[in-house]
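Engineer: Take a look at the letters that make up each chain.
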Amino acid sequence: MKKRMALLMGGALLATTVLSACGSNNEQNAAGGNTDAAKGNTNSPAVEDTAPLELSIAVHQAAEAPAKGNPMEQAIEKYTNTKLSFQWIPNSGYDEKINVMIASGELPKILKVSYVPNIISAMQADVFWELGPYLQDYKNLAAQPETYYDNIKVDGKLYGLPVFRNVGRAALQYRKDWFDESGLQVPKTLDDWYNVLKAVAEGDPDKNGKNDTYGFMLDKNYNQNVFSTLTRLSVMQGGPNKWGVDDQGNFTPEFMTPEFTDTLNLFRKLYAEKLINQDFAVTDSQTVDKAYEAGRVALRISGGNAQSMQSNLEKVVPTAVMDVVGLEGSAGIRVPAESGNAGILAIPKSSVQSEAELKRIMTFFDQLLDKEMVNLINKGIEGTHYTVEGDYTLPLDKDADAKEVKPYRDTLLQRGESYNMDKLMKQTELFEKNNKVVTENEKYVVTNPALTLISNTFTERGSELEQMITDAETKYIMGKLDEAGWNAEIEKWKQAGGSGLMEEYKEAYLRNKK
Amino acid sequence: MKQNVSISAGLPGTKAPRGKADTLLRDIIRDKWLYLMLLPGIIYFIIFKYVPMYGVSMAFMDYKPYTGFLGSPWVGFKHFERFFSEPQFGMLFRNTVILAVYNLVFFFPMPIILSLMLNEVRRAKFKNFVQTLIYIPHFVSWVVVVGIFYILLTTENGILNELLYQITGRKIAFLLEAEWFRTMIITQSIWKEIGWGTVIFLAALAGVDLQQYEAARIDGASRWRQLWHITLPAIRSTIIILFILRLGNFLDSGFEHIFLMITPTNREVGEVFDTYVYTKGMTQGQYSYSSAVGLFKSAVGLVLVLGSNWLAKKFGEEGVY
Amino acid sequence: MLQDKTIGNRIFDITNYTLLILIGLICVLPFVYVLAVSFTSPAEVAKGGLILWPKEWSLASYRYIFSTDTLFRSMLVSIYITVVGTFINLLFTSLMAYPLAKATLRGRQFILLAVLFTMLFGGGMIPTYFVVKAMGLTNSLWSLMIPNAISAFNLIVLKNFFQQIPDGLEDSARIDGCTDVGVLFRIVLPLSMPAMATFGLFYAVGHWNQFFSAILYINDSRLYPIQVLLRQIVILAQGSIGDTSIDNVEIQPLTIRMAVIVFATVPILLVYPFLQKHFAKGVMLGSVKG
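Residue numbers (the numbering used here), protein chains in the order written: chain A, 47 to 560; chain B, 81 to 401; chain C, 9 to 298.
The hints are simulated quantities; they were obtained by calculation from the structure and are not laboratory data.
None of the values given here were measured: they were computed from a predicted structure.
Any given hint could turn out to be false.
Computed Cβ-Cβ distance ranges for the label pairs, DEER-style [to be verified]:
| no. | chain 1 | residue 1 | chain 2 | residue 2 | range |
| --- | --- | --- | --- | --- | --- |
| 1 | B | 335 | C | 34 | 19 to 27 angstroms |
| 2 | B | 115 | C | 185 | 15 to 23 angstroms |
| 3 | A | 464 | B | 150 | 40 to 48 angstroms |
| 4 | C | 282 | A | 418 | 52 to 60 angstroms |
| 5 | B | 335 | A | 445 | 32 to 40 angstroms |
| 6 | B | 202 | A | 250 | 57 to 65 angstroms |
| 7 | A | 464 | B | 181 | 57 to 65 angstroms |
To give a feel for the contact side, a few chain C residues facing chain B, derived at Cβ under 10 angstroms [stated by the list, open to error]:
| no. | residue |
| --- | --- |
| 8 | 16 |
| 9 | 29 |
| 10 | 119 |
| 11 | 131 |
| 12 | 137 |
| 13 | 172 |
| 14 | 213 |
| 15 | 285 |
Glycine is no exception: its CB is placed at the ideal position from the N, C-alpha and C atoms.
Required output: the full structure, derived from the provided sequences and hints.
Structural biologist: Here it is as structure tokens:
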């Protein structure tokens with residue numbers, strides 16, 4: 047502070063000297079520009095009051111940061127007896143900001159983090175409170191399925207609460223009108239898939255006389271993360287979710303299984319016969335979405351709701367009808383499990399020092415899952431965002447909901463209709479059907495056995511190894527690699543650390559099992 | 081360097097120097113106002129640039145944000161050793177250097193040529209208009225530029241590719257083929273930054289004495305000769321300075337741009353230090369490792385800057401310092 | 009200005025003009041696209057392709073933008089930091105560049121080398137944050153203006169510009185009784201208007217495009233400049249840069265994204281035409297004679 051003052055004063059002083067420098071004083075204005083710089087930002091320390099709990103929360107910023115002290119926040123504060131101060135951090139600098147916050151010790155009481163190597167190592171170093179032992183004391187938190195908690199554990203310990211999200215969101219959405227008209231069936235086996243995609247791509251289901259339809263389209267992230275189309279299709283056919291593990295604890299990556307290889311071969315064939323978009327390796331998901339919304343594609347596997355696609359599609363093709371079913375392969379419905387969260391709310395030890403305060407914060411979390419709060423966080427304020435009609439609630443203002451409610455829905459704890467919501471939101475049939483598929487999916491999810499296993503190789507070169515394989519997949523599909531080439535890439539992967547990864551997972555798995 | 085300073089100390093107009101210390105003191109007193117003017121800048125550089133410089137030590141530790149600079153263990157040259165022994169090091173180095181050379185050869189001269197062209201325009205209004213148009217792309221982000229190139233060049237109904245198809249009967253996957261990658265990068269860079277690059281040269285050209293041109297015309301010098309003998313020399317020192325400073329960032333490839341253009345099929349020519357560091361540092365939290373790579377890039381830049389400056393001075397130019 | 013109208017000259021001029029028009033058109037294309045999409049209806053955009061003129065006009069995107077006060081507030085923040093910040097930049101930079109342009113100044117080389125060094129080596133994000141915090145600048149707009157008060161690049165190039173001013177002019181001012189400070193402000197700066205306009209523009213654009221320091225140094229989202237919002241809306245929509253684990257960010261339609269780009273870019277685009285008169289040839293001489 048002092049140094050800064052000195053600096054500015056120096057500058058101002060100099061600027062003044064300048065003006066008198068030539069002895070004549072006919073020009074005595076101009077330099078007054080930088081005087082009010084000294085105004086400090088006086089953050090008056092709040093007087094400690096026993097009543098409401100002061101809670102600072104740092105989370106990702108949604109599209110727009112809601113204003114401080116808005117009705118939503120007031121309602122949460124009133125119910126939970128807290129004084130909230132949200133810090134909305136834009137995504138484009140979130141990770142860096144978190145690192146700076148950790149490095150400078152300026153942590154809020156609640157911090158939203160992701161399950162990434164960096165944060166995992168912070169958890170291992172006890173930067174955050176371990177919450178596992180406390181969970182049972184809070185009725186709502188204890189009532190949530192174990193999986194959600196297990197999926198974010200580090201060495202078997204829980205260092206935060208998951209921002210809940212369904213574990214099996216993927217569903218098959220398709221153009222019912224096209225399917226009905228051409229007498230097509232929803233595909234199950236990979237052969238079915240090939241036949242349907244061929245029929246749509248070579249036919250002219252939109253009847254515009256142009257050869258401009260596809261059965262399916264890929265974007266450049268088609269084989270990335272949990273949303274990988276390849277994984278979804280191969281799981282449908284009975285394959286593992288990213289990693290397979292046998293009784294002895296031996297780990298096999300998905301791309302070394304026959305189901306995955308078959309899926310890969312399907313796309314290789316589709317590509318060669320020009321039945322999928324030839325430029326998928328450079329196409330971003332936005333462009334592909336646009337093609338879907340313009341009514342040029344028949345099928346897609348998506349974690350979003352079919353209703354939003356129907357609504358967009360109707361604007362371009364008024365007669366379009368979307369429908370949705372579960373991901374059913376030859377072996378019944380099988381869906382790769384996602385992590386079940388959109389981030390983790392962790393409590394740093396440096397900002398919350400006493401166990402008493404920790405428990406108070408846990409109470410806050412627990413209260414968020416009470417009926418009143420579930421309603422508020424999911425639907426907003428009655429009369430403003432929704433209204434009650436019989437056994438249902440009706441949304442009132444979609445825009446207001448997106449601006450005022452969604453930021454809290456996305457960052458605080460809630461499980462939507464799955465927990466403690468007494469009256470469901472009235473939605474279209476399609477929307478509800480899609481929701482039902484997603485809820486049902488929970489029974490059929492295939493988990494990724496390596497999700498919470500810790501491996502040094504993964505921490506050090508995990509993304510490199512992954513990139514080697516995803517690149518090779520793309521090249522194989524595009525015919526730039528033949529089968530021998532693909533196998534050589536797998537060998538290369540093993541050499542570069544893949545084998546070590548498999549071993550380390552096995553060790554960690556067996557260790558955890560004991 | 082000390083010697084350099086003392087050589088230039090004997091100034092015309094001052095009395096014959098008696099002692100070195102004496103002259104030094106006299107010079108400082110003579111220039112007291114100049115030193116006072118330097119002060120705020122020097123303070124600024126010390127506080128905001130030199131005080132944080134201890135951060136360089138990160139490259140020699142296993143830095144974690146929660147243990148900080150004091151608590152993280154020192155590991156010596158571990159990260160450098162790892163970097164130089166990575167199997168990709170050769171590829172990264174080659175890709176980065178080739179792209180950097182392409183940039184210097186094809187991109188760097190473009191704004192100069194364009195400003196010379198603009199300089200030949202006599203109608204002020206036309207000149208201003210063109211200037212305003214060409215500097216606009218600088219403000220369009222890489223995401224949008226790459227998006228527009230996709231629309232133009234994709235093999236699925238890309239406008240230019242359709243045109244190509246009409247003419248030659250085949251399409252070229254410009255955005256996918258490794259052999260087109262560098263051409264694409266340089267073309268996009270030129271497109272986006274050529275106009276912006278002219279600003280500084282136009283400012284330099286604004287200082288040219290118009291009488292020189294008149295004199296040259298009277299002597300019957302052609303436009304080319306005028307350009308060669310009057311215009312170019314006027315901006316020569318600016319060009320040299322910019323060139324030397326550019327060498328300092330020789331190994332910087334423009335992360336965002338490259339990152340957006342890399343695909344699985346062109347990675348073998350597209351992956352550069354910057355994108356590699358991103359994967360390491362950002363997605364895997366290996367700060368120390370990234371910082372070591374950064375330090376290596378800086379060291380290369382330093383050698384190039386010092387070398388080229390020395391060379392410039394050798395040829396009688398002012399150079400950077 | 010008499011011009012000998014030889015055929016060679018004619019051809020030279022015609023080629024030159026044609027080429028410039030062509031380059032101008034190619035350069036303006038991306039912005040035309042952005043502008044056209046922002047005025048097109050979402051349904052039309054969904055059909056894809058390159059849109060250079062809206063077929064179905066729609067003001068929906070702009071209506072959306074103007075319905076929120078966030079964009080206006082951050083626009084004001086951006087204008088403020090750009091205007092005040094650029095003033096600070098020019099003052100500090102020219103104060104430092106002028107002495108360094110004097111070949112006889114003792115220690116000059118050392119200082120220049122030290123400045124050059126900072127262009128190549130930096131302490132990185134975290135140590136810089138500590139300094140900014142220690143100076144009490146965090147969470148205020150000063151954190152976006154003071155920590156980048158002088159750009160080493162601009163300083164070095166400006167020093168070079170100053171060096172090219174004939175010494176004679178300065179000497180005559182000194183004889184009139186001006187100190188070095190006076191010479192800078194009364195003689196050198198007025199003579200260097202093209203340079204001032206150039207570096208003013210560089211600094212202004214730099215301030216305008218700031219977003220990362222804002223996220224880093226400022227906690228109160230009401231103090232975020234427009235670029236933070238622009239990144240939030242435009243870059244993330246592409247889903248390629250940033251945290252991939254966050255996939256539930258709301259993605260705005262292309263039309264709104266483009267409208268936000270227009271809204272956030274036009275103010276800074278307007279700066280240049282106003283500066284252009286300073287680039288006119290012979291400014292330097294004219295001001296001296298007059």
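Engineer: If any of the earlier hints don't hold here, list their numbers in rising order.
Structural biologist: none
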